[in-house]
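Participant: Chain residues, written in single-letter form:
Number of protein chains: 2
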Amino acid sequence: MACLMTRAEAPAGAGGGHGPLPRGAVIGMVGGGQLGRMTSVAAARLGYRMHVLSADADDPAMAVAWRHTRLAAPDDAAAVDAFAAAVDVITFETENLDLRLLALLERHAHARPSVAAVRLAGDRRLEKAFLNRIGVPTAPWAEVISAEDIARFVQAQGAAIVKTARAGYDGKGQMRLRDAADAGRVFDALGGVPIIIEAMLPFAREVSVVLARGADGAIAAFDVTENVHRDGILDTSTVPAAIDAATAARATEAATRVAHGLDYVGLMALEMFVMPDGAVLANEIAPRPHNSGHWTMDACLASQFEQHVRAICGLPLASPARHADAVMTNLIGPEGAAAWEGLLAAPGTVAHWYGKEEVRPGRKLGHANRVQPRGG
Amino acid sequence: MACLMTRAEAPAGAGGGHGPLPRGAVIGMVGGGQLGRMTSVAAARLGYRMHVLSADADDPAMAVAWRHTRLAAPDDAAAVDAFAAAVDVITFETENLDLRLLALLERHAHARPSVAAVRLAGDRRLEKAFLNRIGVPTAPWAEVISAEDIARFVQAQGAAIVKTARAGYDGKGQMRLRDAADAGRVFDALGGVPIIIEAMLPFAREVSVVLARGADGAIAAFDVTENVHRDGILDTSTVPAAIDAATAARATEAATRVAHGLDYVGLMALEMFVMPDGAVLANEIAPRPHNSGHWTMDACLASQFEQHVRAICGLPLASPARHADAVMTNLIGPEGAAAWEGLLAAPGTVAHWYGKEEVRPGRKLGHANRVQPRGG
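Residue numbers (this note's numbering), protein chains in the order written: chain A, 1 to 376; chain B, 1001 to 1376.
Please note: incorrect hints may appear among the correct ones.
Think about it this way: if two alpha-carbon atoms lie no more than 20 Å apart in a straight line, the pair counts; the simulated EDC-like pairs of lysine to aspartate or glutamate are [claimed, not checked]: (1) B:Lys-1356 / B:Asp-1088; (2) A:Lys-364 / A:Glu-148; (3) B:Lys-1356 / B:Asp-1325; (4) A:Lys-172 / A:Glu-206; (5) B:Lys-1356 / A:Asp-182; (6) A:Lys-356 / B:Asp-1231.
Which stretches of chain B does chain A cover? Using the computed rule of at least three CB atoms under 8 Å from a CB of chain A, they are [as the list claims (entries may be wrong)]: (7) 1082-1088; (8) 1280-1293; (9) 1342-1351.
Bear in mind the hints are in silico, worked out from the structure with no lab data behind them.
Quantities reported herein were computed from a predicted structural model and do not represent experimental measurements.
No residue lacks a Cβ here, since even glycine has one placed at the ideal position from N, Cα and C.
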């Protein structure tokens, strides 16, 4: 298996050595969507209970979670403090969090990953500056404070994509341009908030590495996943990726470097572009279980959600080995909902529904893993 | 794969043809233990929500279930009626139910399996008479109404075991005897409630077949499992069982006959003895997910819990094929709890904890599946 499992020396300040959380301990999840939902199930199997902090007690996670605290607003300090006091570890299902909420969470020390890591991953400026600082290459990028910045970048780099620095996901808050003459239009559309610009390079494929890092610095990386996006939203993830071993090793090394660099505890993903020459450029850090790791639920003995729980609770990481090849397909919007019944009857397929009541275009409603045993 | 999947003609009254329950429908579970807990997780993944009826809102299932109705007493009609009105289908995690509760449940038509099937499986007299009536052999047995019945049976059959007809599980309510002179002592100990006596035959091994049957009569049977009990409690279940194909076919045929004979909808198990000559004698029907089917959680794409949900919700049954060999070990009492940490670090092992707060001798606290890919 190409997956990687190493045990590193615990870096200073890793917070190791406290022993695992006892069974019955409570995991506090910031967010009540599908990632929290699937984490709760993994937590329960390991004897933990999940307490969700979110705006709505009917969020998808609550069908399988233990307790809920309602966050009335991003600056609801009473809710955050009550939640923090009720749980043994705080964790996250999204990095798209209001800065006021992050500030409230930062007052509590028992977050895994750290609030600082989540804050960094939630801001493309901090994220890309960090990646470059630790020696992980990215596409050329720049902060933007004027239409002229955009025009100058496009003149130098060619086709580019402008993105809001914060609160973007699934392709939201992004615009592409090829011509410097469009700079004013793009800036007017997005420039009301902090933005960056990135060169659009002719990459060969998109991949991600999903890995867990324990407080002791141990790393367990799943095999590199190949991802295909459609309309800015992940459509399919496939393992094995169609890349050679050297490229896979570079991708895994980049993600490992990020995890150590952040002194990260928990599961994270690094999304990357693979260039035609095999070079690997980092795109985004996800400080949480990631859509491109959903295949692990049915192709590994321990899923990304179990690894996340193990890491944040101080349990030993499980082997990331997979026993099957897999293709994960997201079920998105009305088209995804319409595919459901067929998937339930499809051989070699495991279908996962997230329990969202409303079917909206572009909304992730579930996913299906088609798996095929290895070496068969 | 030796597992069996057939589509039978729908027998009259099978309740087929109503179409599947829509996503978001509510499964009502009678009982809040570990079987309800694992069923709730499977239900959520398929888009259903679980509402539990039990005496205690802190029961193990409630860490991952949606709603709870408190049953204050076995004759709490208001609770049963409120529960029945709130759910789209009623199902069970145990057949050890008070007759008053069964009578209350019987007034509601949307139970799968039927209350009649649960009642039959919960009474060894009804169960064994049914098995013999449909041509499924059992060990010789008799109802007992006096110490003389016991003495006469032991004189004719030799070593025997006396069991309470109802409310026995995990070896509780059972006494063995070899000598007719012990009949009075055994009758005095157990005879305050209805009892039966069975011949103790020198079987070669114990096996079970876990299968699901849909309302349309379709059957999906998992591979035959070999079970080892210790102190009357299931200790390990192993697939494949060390039996030949003809014996496996007889076992699967017996379970299939039971399912059709009960017009059963849902997942059930038939526990059997395999005699030295390969003959198969039925022991017990479990009208619910069964401990000997826990290996399916990590060795099949669809577990016994998913199959149960599929069957009772009218979804197509999944393939019961397994991709791995497996040994399931129960974690029982203090010894099981002490094994937990080691199991979390054991290769090829998936550990499941049930979230019970109190560790008592003989209590099932979790299980571990050790799996090994087939054909490796």
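Participant: For every hint, state whether the structure bears it out.
Facilitator: Outcome of the hint check:
Among the hinted pairs, Lys-1356 of chain B with Asp-1088 of chain B is inconsistent with the structure: their alpha-carbon atoms are about 28 Å apart, more than 20 Å. As the CA atoms of Lys-364 of chain A and Glu-148 of chain A are separated by approximately 37 Å, the hinted pair breaks the 20 Å bound. A C-alpha spacing of about 28 Å is found between Lys-1356 of chain B and Asp-1325 of chain B, which places the hinted pair above 20 Å, so the restraint is violated. For the hint linking Lys-172 of chain A to Glu-206 of chain A, the alpha-carbon distance of about 18 Å falls within 20 Å, and the restraint holds.
Taking the CA atoms of Lys-1356 of chain B and Asp-182 of chain A, the gap is near 62 Å; set against the 20 Å cutoff, the hint is violated. Among the hinted pairs, Lys-356 of chain A with Asp-1231 of chain B is inconsistent with the structure: their alpha-carbon atoms are about 46 Å apart, more than 20 Å. With 0 residues having a beta carbon nearer than 8 Å to a beta carbon of chain A, the segment 1082-1088 of chain B misses the requirement of three or more and the stated coverage is violated. Under the rule that three or more residues need a Cβ within less than 8 Å of chain A, the assignment of the segment 1280-1293 of chain B is violated, with 0 such residues.
Coverage of the segment 1342-1351 of chain B by chain A holds in this model, with 7 residues showing a Cβ closer than 8 Å to a Cβ of that chain against a need of three.
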